[in-house]
Amino acid sequence: MGRSAATKDAHALFHSLRSAYAATPNNLKIIDLYILFAVATAVIQVAYMAIVGSFPFNSFLSGVLSCVGTAVLAVSLRIQVNKDNKEFKDLPPERAFADFVLCNLVLHLVIINFLG
Amino acid sequence: MAAPKFAFLLLNLISILPLLVSSFSVDRPTDRRILVLLDDLSLKSSHSLFFSSLKSRGFDLDFKLADDPAIAVKRYGQYMYDGLILLSPSTERFGGSLDVEGVLDFVDSGHDLIVAADANASDLIRNIAAECGVDFDEDPSAVVVDHSSYAVSETEGDHTLIAADDFIQSDVILGNKKIEAPVLFKGIGHSLNPANSMVLKALSASPSSYSTNPSSKLSSQPPSLYGTAISLVSVVQARNAARIMISGSLDMFSNRLFRAGVQKSGSLNKYEKSGNEQFITELSKWIFHERGHLKAVNLRHNKVGESEEPSMYRINDDLEFSVEIFEWSGSSWVPHVSKDVQVQFYMMSPYVLKTLSTNGKGLYHTSFKVPDVYGVFQFKVEYQKLGYTSLSLSKQIPVRPFKHNEYERFITTAFPYYGASFSMMAGFFIFSGVYLYNK
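Residue numbers (our numbering), protein chains in the order written: chain A, 3 to 118; chain B, 261 to 699.
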C-alpha cells in the first residue's frame, strides 16, 4: 500500500516537473543544453584522471576549469536573461550576452596559457 | 779553504737523505723502523730466526729491554717508529715514557703492533690486549691444555704444548701457500667478543682444548674458556688500517719451536718442521703492511659522452663512474683485481647498487641511469674484504628535476585535456550562433 503510494507520488512529481520545464522559453533551454555539455565534459575528464593519474597536472586543471568556467558563465548568462528574474529586470539581454562573450574570451586565453 | 768546508756541508746534507726515504708514508705503506721490547736480552739469540727474517725483509729493528728508561716512541710529537713488537710478557711497567696509553695512542695513529703473552703474563700486557679487543683468561695461572690435539714429544707430558692447525682461511693474511704442518703453541688462550667485527682468530684452538692450571686439580666448575672459543693467535685490523697481532705464546716465536718436528697426537703424519716459521713469517708480512693494503684513487664520474665532471646531474641522465684501486705488493703499487667492488648511488638509502667491472689494470667502471628522484646524492664505495684495508669513499653530487623546457612539447597523456579545452571553445562559438539566431 505505502510503496505504491510513494511511487505514485514520485511519478506525479516527475510529471509536474517535466511539464513545468516544457513551459520555459526556448533560449533558456538552449543555455541549459550548453551547460549540460560543459558539465558532462568535466566529468569525463575527472574519470580519465582517476584512471591514468594526474601526470601533467596543469593540463588536467586547465581542461577541467575550462569546462567549469564555461558552465559558470553560461549559468550567469541564464540568470541575467531570464525574464522571471526580478533582480535583473532592467538589464538589457544584449548587455548580458556581451558580458558573456568578453568573459569567455578571457577564460579561454587563460586556459590556453595554462594548458602547457 | 772553501773546498773542504763545502765538501763537509754536502756530506752532511747527503746523510739526511736516508732518513727522508725510510719513513712510513701514504705512498709507501710498508713499515720500516720497528721497536722491539724484550724481557730478557737472551731472546735476541733464542728467537734469532724470527728477527733475522724481519731484517732480511728490510726492517730496522731497535732492541731494548722492556724496563730501559730510554724508551720513547714519540719525540716532539712525531713517532720515531712505525711498528712495535712487545715480546715482554712478564714486564709490569715499561721503562721510559711508554705505558698502556702510549701503546694505544701508537696504534690509534695508524701504526702496527705485535704482542706476545705467556703463562706468566703481567697485567700490563693483559690490559693492552683487552684494549685491543682480546680477553685473556682471567685466571693468571691458566694455560691452554689439549688432551687430544697435543704435540707428541718425549719430554713434555702435561699436554700444554699443543699442535694447532685451525687457521683462518685467508690468502691475504696467511699467504697463498698452504701451511702443511701444524703450529706448535705453548701458552695462554684468549677469547674474542663476538660483537667485535674488527678482530679475527688467526689460529684457533681445537674443540677439545680448555684453559686451566695444569698443576692443580680440576675444579668442579667447568673452565671459563674451552673449545673453539679459545683463540691462540688473533689479529685486529682497525679502521685506520693499523694492524695488531696478539699471541698467547712467546715460545711460538722461538728458534726451538721453529725448527722442531711436530706430530699431532692421534694423527700418523710426522712433519720434519713445524708450521711456526711459515705461519709467523706470513702473518708478520700482513701485519707490517707488505700485503693486503689497498688504496683507491681517481674517483671520477661524468655524463655518457662527456669527459668533464659536471657539478649537477638531471634525473634520467646516463652517467659513467670509475675508480682505480691499487694494492701494495711490498715494493710497489700493483692493480688490485676483484669481482665484487660495488658502488651505491645513495640518498638515505641506495637507489642504485651496481657491481663494478674491471679492466684488469686496477680501473673499475660502470654506467647507469640516474633514478627518477631529485635531491643530493652520494657516490659511495664501501669495500670491506677479509684481510684487506677497508675502503670507504664518497662523493656528493646534486640531482635536479626537469626544467620547464625539457619536457616533450605535447604530452600524449594530456591529449584528452587539450581536446576538452578546444571543444569548449568550439562549443562556445556554436552556442553563440545558435542562441543569437534562434527565433
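It is possible that part of the hints are untrue.
[Stated by the list, open to error] Which chain B residues stay away from chain A? Per the calculated CB distances, all over 12 Å, these: (1) Lys-324; (2) Glu-398; (3) Arg-669.
[What the hints assert, rightly or not] Straight-line distance between alpha carbons at most 30 Å, and here's what the computed DSBU-like set of lysine-lysine pairs gives: (4) B:Lys-645 x B:Lys-663; (5) B:Lys-555 x B:Lys-533; (6) A:Lys-10 x A:Lys-31; (7) B:Lys-530 x B:Lys-555; (8) B:Lys-629 x B:Lys-663; (9) B:Lys-324 x B:Lys-437; (10) B:Lys-438 x B:Lys-599; (11) B:Lys-699 x A:Lys-88; (12) B:Lys-699 x A:Lys-85; (13) B:Lys-599 x B:Lys-555; (14) A:Lys-31 x B:Lys-699; (15) A:Lys-91 x B:Lys-699.
FYI, nobody ran anything at the bench for these hints, they're computed from the structure. Using N, Cα and C, we set each Cβ at its ideal position, and we do this for glycine too.
Straight-line alpha-carbon gap B:Lys-324 to B:Lys-437, limit 30 Å: At roughly 34 Å apart (the allowed maximum being 30 Å), B:Lys-437 and B:Lys-324 break the hint.
Closest CB-CB distance from B:Glu-398 to chain A, is it above 12 Å? holds, 67 Å
Pair hint outcome, B:Lys-599 versus B:Lys-555 [Cα-Cα no greater than 30 Å]: holds, 16 Å
B:Arg-669 clear of chain A by more than 12 Å, beta carbon to beta carbon? Answer for B:Arg-669: violated, closest chain A Cβ roughly 9 Å.
Quickly compare the C-alpha distance for B:Lys-645 and B:Lys-663 to 30 Å and report which way the hint goes. Violated: B:Lys-645 and B:Lys-663 sit about 43 Å apart, past 30 Å.
Would the hint linking B:Lys-699 and A:Lys-85 be met if the CA-CA limit is 30 Å? Holds, at about 16 Å.
Does the alpha-carbon distance linking B:Lys-438 and B:Lys-599 stay inside the 30 Å limit? holds, 23 Å
Sort out whether A:Lys-88 lies within 30 Å of B:Lys-699, counting only the CA atoms. holds, 24 Å
Would you check the hint for B:Lys-530 and B:Lys-555, treating anything up to 30 Å between C-alpha atoms as holding? violated, 43 Å
Holds or violated: A:Lys-10 with A:Lys-31, Cα cutoff 30 Å? holds, 28 Å
Pair hint B:Lys-629 and B:Lys-663, alpha-carbon separation not exceeding 30 Å: holds, 18 Å
Please verify that the nearest CB of chain A lies beyond 12 Å from B:Lys-324's CB. holds, 76 Å
Hints 3, 4, 5, 7, 9 from the earlier list are contradicted by this structure; the remaining hints agree with it.
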